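Those sequence lines, one after another, are chains A and B. Take any residue in the first sequence, note its place counting from 1, add 5, and you have its number in my numbering. Take any residue in the second sequence, note its place counting from 1, add 549, and you have its number in my numbering.
Keep in mind the hints are simulated off the structure, nothing from the lab. Check each hint, because a few of them may be wrong.
[Said to hold, decoys possible] Derived DEER-like restraints, expressed as beta-carbon distance ranges: (1) B:Glu728 - A:Ser205: 48 to 54 Å; (2) A:Ala200 - B:Asn696: 17 to 23 Å; (3) B:Glu590 - A:Gly376: 28 to 34 Å; (4) A:Ala200 - B:Glu556: 37 to 43 Å; (5) A:Ala200 - B:Asn613: 17 to 23 Å.
[As the list claims (entries may be wrong)] Partner residues aside, some chain A positions facing chain B, computed with beta carbon under 8 Å: (6) Ile53; (7) Gly56; (8) Ala137.
Because the structure is a prediction, the values reported are computed rather than measured. Positions of the beta carbon are idealized from the N, C-alpha and C atoms, including for glycine.
What follows is the residue order along each chain.
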Amino acid sequence: MPAVYAVSGGVSKFAKARPDKTFPALVKEAYDYAIADLGLTHRQFLEIVDGSVASYFSDHFTRQLMAGIMAQDYLGLCPKPGHRVEGGGATGGICFQEAWKAIASGYMDVCLAYGFETMSHVATWKGNEFIALASDISFDYPVGGFYSGYYAMMVTRHMKEFGTTPEQMAHVSVKNHLNAYHNPYAQKRQKLTIADVRNSPMVAWPLTRLDICVMSDGAAATILCNEEGLAKLEKASGKRINRVLVKGIGRGTDAMRLSDRPHQSYEDFLKYNLLPNEDTAETRAYYKKLWKHGFRYPGVHSFRAGRMASREAYKNAGISDPLHQIHFVELHDAYTSSEIQTYEDMGLCRYGEGGPFAASGKAFVPGLDYGLDLPEKPVCPVNPSGGLIACGHPVGATGLMQAVFAIWQLQGTIAKHFKDPALQVPKAKRGAIHSHAGTGTYVTVSILEKED
Amino acid sequence: MAKTDMEETFGGYILHNVPFPTELDEAALKGLKKMAPILIEQPYSMTYLHSYAQDSPWFAALSNGHLLVNRDPETGYTYATPRGADMYTGNETDWVEIPAEGTVHAFTVCHFGSEEFLPECPYVLIQVEFPGVDTLFLARLVGVDPNAASLDWIGMKVKGRFRRLSKFKPTDLYFYPAE
């Protein structure tokens with residue numbers, strides 16, 4: 006397969022509301038940054054780019070069908086090929102991977118992936134209703150009608166199975182908000198304590214307002230290419246482009262309704278869901294013991310789609326020890342609880358160990374003072390950007406925002422883009438981005454590498 | 550700490566004109582780029598005609614005080630929430646009646662919710678396990694103190710009650726503690 010590079014990106018300022026710009030203009034804000042960072046003008050880039058993939062989640066929020074073509078048009082990309090993708094919260098991650106496919110298949114040499122969401126056009130609780138329409142409208146929406154409630158149910162089961170605590174979840178909130186303190190693109194840049202998180206208003210027990218991401222207006226764009234595309238971009242800009250290789254992608258799905266998720270046997274888990282790094286006598290014994298205590302997989306406590314996406318991406322990228330071979334992860338922390346569940350899905354720790362892992366310090370950025378007593382040193386910073394919890398979650402832009410921050414980490418240019426070097430992960434050679442749709446229905450994992 | 554901000558709500562006066570330069574000279578035209586955006590309310594409502602289609606017997610059963618589940622005729626794999634086709638065999642599933650009695654598998658208390666459900670907050674959501682059924686069922690739980698949420702609720706035995714006046718929604722069946 007030909008090498009696919011992610012060479013540049015841009016992110017608009019994420020905010021609760023961006024009434025100053027229409028959604029196509031927000032996309033242009035991100036796009037202009039991405040081409041300027043390559044040292045290209047719009048006219049130059051237009052000569053080179055072959056087409057695009059557009060990403061946004063909700064036609065309800067835009068109340069404008071065909072919004073993708075409006076962005077394509079505003080950017081000046083017509084009449085080049087393009088299409089819109091949608092897969093709930095994973096829309097941005099899917100968009101990135103569809104652009105990857107356009108390059109990997111040889112269809113395009115240079116592809117622009119852009120995404121946006123404008124969620125401020127309805128009141129917050131109506132916005133929650135729109136989002137809840139992504140759950141089964143016959144059997145889930147009329148009963149619960151609230152994603153925070155669905156995730157809270159998942160975590161009460163996680164707590165019951167494994168002893169995970171709300172204080173462990175609060176560590177994720179403190180970490181991500183403090184990381185965002187150094188990220189000018191983030192919506193919420195706050196220094197918090199565990200007590201602040203626990204004392205903030207209860208939304209869906211045990212999740213408080215500070216355990217949950219907020220709605221945002223925002224856009225993001227990335228540029229992918231193959232060797233030929235890279236040569237064309239470098240010729241036009243007259244400079245060498247800092248290469249980031251998209252080494253492998255993976256994707257998984259699961260049943261729409263939590264209630265329909267299987268409760269598999271130990272044997273089936275080993276056969277279908279075990280990661281290679283878990284295939285040791287010790288870990289098999291550990292899982293055997295969990296099953297003896299009534300653990301069933303994935304049940305409602307684990308995201309099988311996240312596990313399958315990781316498994317496939319690791320296989321394609323040649324990763325056998327994710328915690329040590331991946332140097333940072335930007336993952337979909339719509340909830341502090343889902344960050345903990347995702348540690349397990351991605352094999353940063355085993356199922357059941359996510360809570361202690363969250364409070365261990367292993368997922369924190371080195372050199373930052375979180376005001377926490379962390380027993381271990383950072384190993385693999387998770388959400389060094391601040392994640393969704395602190396950056397915001399303009400759905401169609403989110404997965405692409407993660408890609409942009411990962412590109413900058415691997416290019417070693419965080420200080421330039423954030424005007425602050427604090428979040429640059431030292432010696433970052435390989436990163437993972439993880440995008441996730443409601444209750445774990447669609448999950449994408451992509452592995453990015455700095456090219457030597 | 551006391552709240553220092555008021556909730557933002559929609560609704561206001563109807564406006565028929567906004568300030569604008571009286572003369573559009575060059576400076577005024579340039580100045581337009583610094584104008585604050587106009588925000589207008591645009592109401593939007595509709596009624597959908599939704600079909601429960603192959604799941605309709607389930608809703609009809611609830612309204613008549615029966616709980617049905619779907620079972621694969623070959624393997625016996627049983628779904629608490631209706632689905633017309635089995636995930637594993639691809640077979641069309643059969644209808645089977647079960648008692649509306651089970652245990653709490655997972656729960657939450659929603660102190661906020663979507664706009665439609667805000668007036669019902671706080672409400673309790675549970676995933677119910679039924680004996681001999683392979684999947685779970687999402688329902689409301691009543692008869693517990695929503696301000697005393699506890700992991701001990703998991704494993705609690707619950708019984709179902711059918712609404713006398715059906716709304717033809719899954720909430721026509723709700724649960725309460727059996728003990």
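Hints, verified against the model:
At about 34 Å, the beta-carbon gap between Glu728 of chain B and Ser205 of chain A misses the expected band of 48 to 54 Å. The beta-carbon spacing between Ala200 of chain A and Asn696 of chain B, approximately 20 Å, falls within the hinted interval of 17 to 23 Å. Checked against the hint of 28 to 34 Å, the pair Glu590 of chain B and Gly376 of chain A fails, with Cβ atoms roughly 43 Å apart. At about 25 Å, the beta-carbon gap between Ala200 of chain A and Glu556 of chain B misses the expected band of 37 to 43 Å.
Taken as a hint, the range 17 to 23 Å is violated for the pair Ala200 of chain A and Asn613 of chain B, whose Cβ atoms sit roughly 52 Å apart. At a threshold of 8 Å, the smallest CB-CB gap from Ile53 of chain A to chain B is about 30 Å, leaving the interface hint violated. Among the interface hints, the one on Gly56 of chain A is violated; its C-beta lies about 32 Å from the nearest C-beta in chain B, farther than the 8 Å criterion. For Ala137 of chain A, the shortest C-beta to C-beta distance to chain B is roughly 5 Å, which falls under 8 Å, so the interface hint holds.
Against the hints set out earlier in the document, violations occur for numbers 1, 3, 4, 5, 6 and 7.
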